[in-house]
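Asks: Sequence:
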Amino acid sequence: MSNHPMTDASIGFYTDVCEKVNFTTRVNAIPPRIAALIQQLSEETMKRYYGSGIVIPENIKGARILDVGCGSGSLVFLLAKLVGPTGYVVGVDATESLIEQCKKQTDYHAKTWGYEEPNFEFRVANAERLSELNLGEFDVVVSNGVFCLLPDQDKGFKEVVAALKPGGVFYLSDVYAKVEVPEELKTDNKLWVLGTAGAMVWARLQELAQANGLTIPYTTYVAGVNIKSEEIKKLLNNEFACAASRMFKLPVDAKRGAATVTYKGDIEDNEEVFKWDVDLTFKKDEPTVVDEYLATILTSTVFKDNFVVEDFDGEVQTKRNQDPFKLLADLTEKGAAPETAYDVE
Numbered sequence: 017m018s019n020h021p022m023t024d025a026s027i028g029f030y031t032d033v034c035e036k037v038n039f040t041t042r043v044n045a046i047p048p049r050i051a052a053l054i055q056q057l058s059e060e061t062m063k064r065y066y067g068s069g070i071v072i073p074e075n076i077k078g079a080r081i082l083d084v085g086c087g088s089g090s091l092v093f094l095l096a097k098l099v100g101p102t103g104y105v106v107g108v109d110a111t112e113s114l115i116e117q118c119k120k121q122t123d124y125h126a127k128t129w130g131y132e133e134p135n136f137e138f139r140v141a142n143a144e145r146l147s148e149l150n151l152g153e154f155d156v157v158v159s160n161g162v163f164c165l166l167p168d169q170d171k172g173f174k175e176v177v178a179a180l181k182p183g184g185v186f187y188l189s190d191v192y193a194k195v196e197v198p199e200e201l202k203t204d205n206k207l208w209v210l211g212t213a214g215a216m217v218w219a220r221l222q223e224l225a226q227a228n229g230l231t232i233p234y235t236t237y238v239a240g241v242n243i244k245s246e247e248i249k250k251l252l253n254n255e256f257a258c259a260a261s262r263m264f265k266l267p268v269d270a271k272r273g274a275a276t277v278t279y280k281g282d283i284e285d286n287e288e289v290f291k292w293d294v295d296l297t298f299k300k301d302e303p304t305v306v307d308e309y310l311a312t313i314l315t316s317t318v319f320k321d322n323f324v325v326e327d328f329d330g331e332v333q334t335k336r337n338q339d340p341f342k343l344l345a346d347l348t349e350k351g352a353a354p355e356t357a358y359d360v361e
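FYI, the numbering for the sequence shown is 17 to 361, going by the numbering used here.
A couple of the hints might just be wrong.
Stated by the list, open to error - Once the Cα atoms are required to be at most 16 Å apart in a straight line, the calculated EDC-like pairs of lysine to aspartate or glutamate come out as: (1) Lys249 <-> Glu288; (2) Lys97 <-> Asp285; (3) Lys174 <-> Glu153; (4) Lys300 <-> Asp321; (5) Lys97 <-> Glu116; (6) Lys271 <-> Asp327; (7) Lys174 <-> Glu223; (8) Lys181 <-> Glu196; (9) Lys300 <-> Glu288; (10) Lys271 <-> Glu308; (11) Lys320 <-> Asp339; (12) Lys119 <-> Glu148; (13) Lys120 <-> Glu133; (14) Lys202 <-> Asp168; (15) Lys335 <-> Asp293; (16) Lys119 <-> Glu59; (17) Lys320 <-> Asp282; (18) Lys127 <-> Glu137; (19) Lys249 <-> Glu196.
Hints are computed from structural coordinates only; laboratory data are not their basis. Computed from a predicted structure; not experimentally measured.
Given these sequences and hints, build the entire structure.
Replies: Laid out in structure tokens, this is it:
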């Protein structure tokens with residue numbers, strides 16, 4: 017099956033930068049242990065890091081993970097270390113030259129992590145047609161800076177949900193537009209490949225998630241996009257932000273009422289506090305009241321063993337689907353705006 021013209025434009029762009037090594041994006045703030053692991057990644061891998069904010073899932077020992085749009089393989093290599101020898105990671109990307117580069121770095125990273133055989137693999141695939149690979153089900157799906165490059169984002173969501181096990185989690189880091197991008201700009205190759213012309217508005221994320229059987233997203237990270245080119249800035253007449261979210265594919269019968277939950281402090285790198293999203297942080301041994309929606313998630317997904325849960329008889333509403341543009345505006349007003357994720361020149 018042939019690709020959409022804008023998909024071919026994206027493949028062409030990333031094929032070019034893979035060869036020339038003239039475009040990368042920034043790695044956002046991460047725990048010290050993960051930062052130390054990044055320092056062990058091969059130089060060739062980090063020369064080709066592209067994305068909108070690296071997302072490291074929690075509680076993944078022994079997990080099967082799919083990275084949709086794996087690029088240089090940086091996250092796949094990291095996750096291969098974090099899942100341990102009993103876990104497995106599959107990276108897919110539509111750009112064949114990037115997958116070839118990933119495969120060239122396989123032996124280096126397997127040896128670096130002390131594995132006799134790699135617990136990861138790379139495949140060429142369009143994110144809108146993942147099911148063609150027959151990869152089976154995954155505990156976790158991650159995607160970084162890819163959905164803004166998909167002509168059919170709804171199809172992309174359907175493929176992700178089909179790949180997830182019940183109780184699985186989708187970690188999405190992507191680019192969003194403050195207002196709808198005009199249709200006539202969506203055929204501009206340069207604007208498209210830089211993640212702006214295809215960026216969805218924030219409200220669209222919740223629509224796609226719920227329409228395809230996922231929970232409402234919880235926002236975990238935000239950063240701005242710096243439009244440096246005055247020409248592009250004038251043409252777009254818009255604002256863009258990068259945001260990371262977590263959303264879940266709940267089991268069919270999963271449902272419970274509001275609860276008082278107490279974090280046990282047993283998630284690696286989060287022993288004292290576990291930051292759930294931009295508004296909620298669980299502290300070890302400190303009871304927190306959550307609404308029925310979040311209580312259901314915490315008791316029927318990968319986090320079900322990390323909390324002591326007691327019924328709560330009362331009214332409570334836990335925040336979710338936090339708007340990244342409002343968050344950035346609030347942070348900027350406080351003088352605490354994060355570094356931009358990448359520049360558009």
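Asks: Now tell me if each hint is right for this structure.
Replies: These are the hints, each one checked on the structure:
no., hint, verdict
1, Lys249 <-> Glu288, "violated, 43 Å"
2, Lys97 <-> Asp285, "holds, 14 Å"
3, Lys174 <-> Glu153, "holds, 13 Å"
4, Lys300 <-> Asp321, "holds, 14 Å"
5, Lys97 <-> Glu116, "violated, 21 Å"
6, Lys271 <-> Asp327, "holds, 13 Å"
7, Lys174 <-> Glu223, "holds, 12 Å"
8, Lys181 <-> Glu196, "violated, 33 Å"
9, Lys300 <-> Glu288, "holds, 5 Å"
10, Lys271 <-> Glu308, "holds, 8 Å"
11, Lys320 <-> Asp339, "violated, 27 Å"
12, Lys119 <-> Glu148, "violated, 21 Å"
13, Lys120 <-> Glu133, "holds, 15 Å"
14, Lys202 <-> Asp168, "holds, 12 Å"
15, Lys335 <-> Asp293, "holds, 9 Å"
16, Lys119 <-> Glu59, "holds, 14 Å"
17, Lys320 <-> Asp282, "holds, 12 Å"
18, Lys127 <-> Glu137, "holds, 15 Å"
19, Lys249 <-> Glu196, "holds, 15 Å"
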